[in-house]
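Since the structure of chain R is already known, use the hints to place chain Z on it.
Below, each chain spelled out in residue letters.
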Amino acid sequence: MDPAAGTSPRRDAPPTAAESALLSELQVVLGDDGLRTSTLSRATYRRDASFLNADPLAIALPSTREQLATVLRSCRDHRVPFTPRAAGTGLAGGATPTGVDGVRPLVISVARMDRLLELDVPNRRAHVEPGMVNARLGRAVAAHGLRFAPDPASQIAATLGGNVATNAGGIHVLTYGVMSQHVLAVELMDTDGEVHLFDGRQPEQTGLDLRGVSVGGEGTLGFVVGAWLKLLPAPPAIGTLLAGFDTLEAAAATVGALVTSDRLPDAVELMDARAIALVEDYAQAGYPTDAAAVLLLEYEGLPAGVGAGVETAERLAREHGATAVVRAADADQRARIWKGRKAVAGAIAKTAPDFFLQDVVVPRSRLGEMLDAVVAIGEREDLIILTVVHAGDGNLHPFVLFDRREEGVLDRVFAAGHDIVTTALALDGTLTGEHGVGIEKRDFLSQVYTADDLAVQQAVRRAMEPSGLANPDKMLPTTVGCQEASMVPEGAWV
Amino acid sequence: MSDVTTMTTEVESIVAAVEEARGRQRQLLVRGGGSVLDRLPPTDAEELSTAQLTGVVDHRPQDLVVTVRAGTPIEELSALLAAHGQECPIEPLAGHGSTVGGRLATALAGPRQLQAGRVRDWVLRVRLVTADARVVTAGGVTVKDVTGYDLCRLATGSWGTIGVIAEVTLKLRPIPIHSAWFATERSAPRVLAELYRPAAVVTTGQRTLVHLEEHPDDIAAQAMVAGLQPADPPAWPTTARAAVDPSRLAALTSLAESTGLTYAAFEGVGVCLLDGDADALAAAGERAAELGGSLLVLDPDRGGPGWGERTEDAMGLRIRSALDPDGLLLDVRQPR
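These protein sequence lines map, in sequence, to chains R and Z.
For the first sequence, the numbering used here begins at 1 and goes up steadily by one.
For the second sequence, the numbering used here begins at 1001 and goes up steadily by one.
Just chain R, with the same shape it has in the complex (with noise of 0.2 Å):
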């Protein structure tokens, strides 16, 4: 696979006469600080946190509902594409600005739509701009005993709009569930530039749950201009406990063995041997570095069930062979042991010049399955693969390492990428748990879903974004067939 081989929209063309009126509209609109057509801001918004590149035409910052309204407007009037864009921690190329038969899109950035609109603090709800920052709203709520479950690896960085477009996960998914379920109402405005709001509030709709199928639309719908999300109460209670195990196999049935106990535990974390090398060099958690896997638990709530939690987590993962178990003894030690979890991806970045990161989904009883063949794949292909789980969901987060500069090294990661995916769909799985589908995932669809389900994925939306112009090219197979799917779809870069 030659993955420049892809038509990629022009470099540096000279814009089309619709594409000059366009900008000469935003121009007046945004003016020179709200609008970027320069070759440096156009490179700096090429990509997401995937490797797929593509040049945007310009990239433009509204600041309130009105101005997003008049450039969504001019999009529509120039039938000029956009590409939504948060703070671009996304991983499946949603927010690469590939265009459409040529057409280069416009990048609409919510970095400046980032205020806390409400926090009613009484019935635990908050209304946010798609622009602020996950974590910033959970230091908003802290100070009123309350806080955002969902919490992604990326939550420092990436925004609450970008969670809401991507139905984010995170740590703590096992139990509190994923970005839908704290996702309260919607506000998405279309491209007349008109608020559509899905109201969730009330326990019971008249209408469709919109506000269901908005998220995870990944920028295709329309534009989040504002969510209602929910806000739980801070747990009295955390016990957070390290557990070692020889083999990736005693790791996985201990997750077996938890998940079927009489009490969830809220986060379930597995790391293998070679993220337990990466991150103890990088952030001395304090994981046991001759451990072929380490469980990370966190049980929440109230003291008494926190601690019955613990104390089952600690039998069960003894009966399956644990070498090593820690409990944290204080929140320093706790703080100390999810550092190590965060940390990967830094880890990496001081370690290999370039990773791919996958995210597959099996059944929870597949655990050790997969986790045999993603090693398997490594070795058949050459490359260093280390995982990282969100063990009780059954999410993998193989990150194959590699340096570019290595002749013919993409081939045999774009194909350890394309086996996983394959793997796990073998195994009752799915394509993607919470990074999305993006364009990387695009074409994979085909394989998840019938041609008579995709028609049905297709006119619903059709039905909500009839101009076709939001986020062109994504999340849909553009052809339902059998081709070989691609990492690398057409319009994309590497």
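Some hints here could point you the wrong way.
Far from chain Z, by Cβ distances over 10 Å, these chain R residues were calculated [unchecked claim]:
hint : residue
1    : 246
2    : 327
3    : 376
Computed footprint of chain Z on chain R, listed as stretches where at least three residues anywhere in the stretch have a Cβ under 8 Å from a Cβ of chain Z [said to hold, decoys possible]:
hint : region
4    : 170-181
5    : 254-266
6    : 463-470
Subject to a maximum C-alpha distance of 30 Å in a straight line, what follows is the list of computed DSS-like cross-link-like pairs (lysine-lysine) [claimed, not checked]:
hint : chain 1 : residue 1 : chain 2 : residue 2
7    : Z       : 1171      : R       : 342
8    : R       : 342       : R       : 230
9    : Z       : 1171      : R       : 230
10   : R       : 350       : R       : 339
11   : R       : 230       : R       : 339
Rather than coming from a laboratory, the hints here were simulated on the basis of the structure.
C-beta: ideal position from N, C-alpha, C; glycine also.
Just chain Z now, with coordinates in the frame of chain R:
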């Protein structure tokens, strides 16, 4: 029940029934266990019943996932899951033989939704027969899945209008090791502030009733903190249910107080179950509408579902006409 009812026992028979109805240009009303439909005024539409499309397709205790046919009674599913110490906390409406498909289609809220989340939060995969008789799957059997648009949410609460729900995959959890009902004279807002994530808080005329779940020592300590006394579960009014933003629930219960309605309000959820005379119920419907909510009268003798203002976003209308251009699948809530 209408004169013509097609009983379906397999997905294929739903497909055949839908094709047949299309051919004769007749509308279809989907019937589950009848726990809601039997309590609405009858229609003359042909009915397609899923009540015999029953049984567990696949239960994987180790994955906390179960797949069932739509007509499976919730009580039957609950009993099977309980044998494995598991549950799916989508409560049936009190004592009326709800089916899993019916619960999904109506998505009516129960009091435990306060802590356990909504019906829609427990749905992983749905298999539907669309109005053009295609069998369509949305979602998957894993607990996390962002592969494509989240059409499970679209089907949940759609009242059968997006397609006939044939099969459902649900997320499960362990049954709480202990649970108990309590009562207190303290107000619901105070109780909600004092307790950590109670399972349910229900306001009735005289008292606040609280349902606590999980470790018995925690339950005892919480009861102490909030001054709770052991109590029986509340009696549930059955005539009507109002649904409003939970922040506006007090405006509904104060009206219920002043008009002499018997009520049980699910605090933090926004549902108020009501019993009482027709005038008072009508007033409650008006109040619910003023508050941006709705009232559903579950009594065929009271003349009409009484949903108040039905609002559907333009995007929702476009989805409906894209998926069911001829309006084959009848929305029972439509004014008749």
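Checked hints:
1. No Cβ of chain Z approaches the Cβ of residue 246 of chain R within 10 Å, the least distance being about 22 Å, so the stated non-interface status holds.
2. No Cβ of chain Z approaches the Cβ of residue 327 of chain R within 10 Å, the least distance being about 18 Å, so the stated non-interface status holds.
3. Against the 10 Å criterion, residue 376 of chain R stays outside the reach of chain Z, whose nearest CB is about 21 Å from its own CB.
4. With a threshold of 8 Å between beta carbons, the proposed coverage of the region 170-181 of chain R by chain Z holds, since 7 of its residues qualify and at least three are required.
5. Taking a C-beta to C-beta cut-off of 8 Å, the region 254-266 of chain R contributes 7 residues in contact with chain Z, enough for the three needed, and the coverage statement holds.
6. Counting residues of the region 463-470 of chain R whose CB lies closer than 8 Å to any CB of chain Z gives 3, which reaches the minimum of 3, so the coverage claim holds.
7. Proximity of residue 1171 of chain Z to residue 342 of chain R is assessed by CA-CA distance (about 28 Å); at most 30 Å being required, the pair is judged to hold.
8. About 24 Å separates the Cα atoms of residue 342 of chain R and residue 230 of chain R, which keeps this hinted pair within 30 Å; it holds.
9. Annotation: proposed proximity of residue 1171 of chain Z to residue 230 of chain R holds, straight-line Cα distance about 21 Å (limit 30 Å).
10. Taking the CA atoms of residue 350 of chain R and residue 339 of chain R, the gap is about 16 Å. The hint holds against a cut of 30 Å.
11. Using a Cα cut-off of 30 Å, the hinted pair residue 230 of chain R and residue 339 of chain R holds, with the two alpha carbons roughly 26 Å apart.
The structure fails none of the hints (numbered hints given earlier).
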